[in-house]
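Residue 227 in our numbering sits at position 53 of the sequence shown, with consecutive numbering throughout.
No lab work stands behind these hints, which were simulated from the structure alone.
One or more hints might be untrue.
[Unchecked claim] In silico SDA-like pairs for lysine to any residue, Cα to Cα no more than 20 Å straight-line:
#	residue 1	residue 2
1	Lys448	Phe272
2	Lys659	Arg691
3	Lys448	His515
4	Lys663	Leu704
5	Lys659	Glu613
6	Lys649	Glu690
[Claimed, not checked] Label-pair ranges, simulated between beta-carbon atoms:
#	residue 1	residue 2	range
7	Asn518	Trp436	23 to 33 Å
8	Pro467	Leu441	24 to 34 Å
9	Leu441	Asn584	26 to 36 Å
10	Thr283	Leu471	47 to 57 Å
11	Ala637	Ser611	35 to 45 Å
12	Asn343	Trp436	16 to 26 Å
13	Lys548	Asp667	12 to 22 Å
14	Ala637	Ile460	20 to 30 Å
15	Leu294	Val577	20 to 30 Å
16	Leu294	Leu471	27 to 37 Å
17	Lys548	Asp602	16 to 26 Å
18	Lys529	Arg299	44 to 54 Å
19	Val577	Leu441	26 to 36 Å
20	Lys616	Ile680	14 to 24 Å
Glycine included, C-beta positions come from ideal geometry on N, C-alpha and C.
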Amino acid sequence: MDIAIGLIGGLGLFLFGMSYMGDGLQKAAGSKMKDILAALTKTKLMGVLVGTLVTGVIQSSSATTVMVVGFVNAGLMNVSQAVGIIMGANIGTTVTAFLVSLNITQIATFMVGVGVVIYLVAKKRKVKTIGEVIIGFGILFVGMDLMSGSMAPLRSNPAFTGMITQFDNPFLGILVGFVLTAILQSSSATTGLLIAVSITGVITFEQAYPIVFGQNIGTCVTALLSSIGANRTAKRAAVIHLLFNLIGTLFFIVFLRKPVQWIIFQLVPVSVPKQIAAGHIFFNVINVIVMFPFSELLVKASELLIRKDDSETEHITKYIDERLLVTPSIALTQTAREVLHLGNLAISQFEAAIKALFDEDEDAAHKIFEIESKINAINQATVEFLVKLDKTSLTNYEKDKLVVLLNSINDIERVGDHIDNIGELALDKIENKAVFSEEAIKELRDMFDVTLEAYKQSLNALASIGLEECNIVRKYEEDIDNMYKTLRKNHIDRLNNLICEPNSGIVFLDVISNLERIGDHSLNIAESILEVI
């Protein structure tokens, strides 16, 4: 019972420390994650480097692969680009194994203390995140120490040592590694547990090494589960992850296991924990080197296994996917792109409104309603995504930006509603054969132009978080308010002087009222941005 309590408690601390350290590293990376995202679109080799870097930061190859499935599902990258990142994730996960193999458990509690002091004393957010990383790193080793200490009595337990001898069969070791990792959902946790066992001296490197192979296959379970409900391309990315690790494991165990073990014994002759870490690194790096030239064959194999489905429905959102929530900084960047995409849909809607009103084009009016329906659906999905994103680890600035996006998406949706109103008014004008005077048409066109420009500038401000664009929006909004008052007075005068027909009066006044409200919402977007500049 004492062994089980110590093992479970130690494993819990290990997982918590790894997660806490990963969150801290991710916060420290902050906006640099956007630069990483930009690099994703380049070569496969760049993808390997990016996959290694991202996994080193977030401390989880499973999380990186889930993120890749999300990117593919959102249409942000194709399967060929995903291959490199998946390969790099396998290399990146060896960082944790290397850190765990270091014998620094004696100072682990001291590190936790130092980290807590830094976190409590520091005023700057970046310094606090350094404290979080140190706390997580220390707790990770406290957990390791607790696990290895609790398992020390097993060294003299005949039943346990007898069970360990069964691992002389490499395929049993692979199975154990697979099952453990599939259950724990973390190859790093399995590595930590394996190293903790090796510290007690009850397992040799030859017995432990196949377990390392198995955990690389087991880590694929997370990505496969995350691909359920995704499109066929995202499913292919998850299948590539499985094929890469499965083929790599079979190749390695048949052709390279003995030579690599010999090399590791020469480099690290005594310490089994360090041998396991070195073996993990060798396996993943060699696997990438061997499989990289055949990456396109992996893509073709995934296409054969996951065939095209013509009945597949189109996704509502273009840039966001819940799988991206594992990397909050990148998820926030993608949400900003989604909000701008939504804003651009409203521009298309606005242009259709101009055509519907001035050209009396009924098809354009119906296009407004179609776009409005799409805007509402994207708005709802994006708001739900932002609410979930708000519960993740974001920096203070990122939280402020999230609020800006939440406010802006509400204003964009309201802009869509007002354009929808104009579409209804355009149909009323056509049905009632209402006619505007030349003067009224000119005034309306001028107000449409200024309002559209104000709205476009508000989206520019949102894209750049720029002060200059916000000030431009303010100026335009003042012009729109003045135009509204002037145009309203002028049109009432025209109605009184019988220059315009009465049935056009209500349409004209309602149109300029909706335009004035669009100007207000454009200003709301700008003012929300000013609060975080």
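Comparing the hints with the structure gives:
Our distance criterion of 20 Å between C-alpha atoms is met by lysine 448 and phenylalanine 272, whose separation comes to about 8 Å. Distance restraint check for lysine 659 and arginine 691: the Cα-Cα separation of roughly 13 Å lies within the 20 Å cut-off, and the hinted pair is therefore satisfied. About 50 Å separates the Cα atoms of lysine 448 and histidine 515, which puts this hinted pair outside 20 Å; it is violated. Proximity of lysine 663 to leucine 704 is assessed by CA-CA distance (about 33 Å); at most 20 Å being required, the pair is judged violated.
At most 20 Å may separate the alpha-carbon atoms for a hinted pair to count; lysine 659 and glutamate 613 meet this at roughly 16 Å. Of the pairs offered as hints, the one joining lysine 649 and glutamate 690 holds, with about 14 Å between alpha carbons and a cut-off of 20 Å not exceeded. Taken as a hint, the range 23 to 33 Å is violated for the pair asparagine 518 and tryptophan 436, whose Cβ atoms sit roughly 60 Å apart. Between proline 467 and leucine 441 the C-beta distance comes to about 26 Å, which sits within the given range of 24 to 34 Å.
For the pair leucine 441 and asparagine 584, the supplied restraint of 26 to 36 Å is violated, since their beta-carbon distance comes to about 59 Å. For the pair threonine 283 and leucine 471, the supplied restraint of 47 to 57 Å holds, since their beta-carbon distance comes to about 50 Å. Here the CB-CB span from alanine 637 to serine 611 is close to 39 Å, well matched to the stated 35 to 45 Å. The given range of 16 to 26 Å is respected by asparagine 343 and tryptophan 436, whose C-beta atoms sit roughly 20 Å from each other.
Separation of lysine 548 from aspartate 667 is about 40 Å and departs from the stated range, judged on CB atoms against 12 to 22 Å. Checked against the hint of 20 to 30 Å, the C-beta distance between alanine 637 and isoleucine 460 comes to roughly 44 Å, which is inconsistent with it. Under the hint 20 to 30 Å, the C-beta atoms of leucine 294 and valine 577, about 27 Å apart, fit the expected range. Between leucine 294 and leucine 471 the Cβ separation comes to about 54 Å, which falls outside the hinted range of 27 to 37 Å.
Checked against the given bound of 16 to 26 Å, the beta carbons of lysine 548 and aspartate 602, roughly 23 Å apart, stay inside it. Between lysine 529 and arginine 299 the beta carbon distance is about 49 Å. The supplied range of 44 to 54 Å therefore holds. At roughly 52 Å, the beta carbons of valine 577 and leucine 441 sit outside the given window of 26 to 36 Å. The given range of 14 to 24 Å is respected by lysine 616 and isoleucine 680, whose C-beta atoms sit roughly 20 Å from each other.
The structure fails hints 3, 4, 7, 9, 13, 14, 16 and 19 (numbered hints given earlier, in ascending order).
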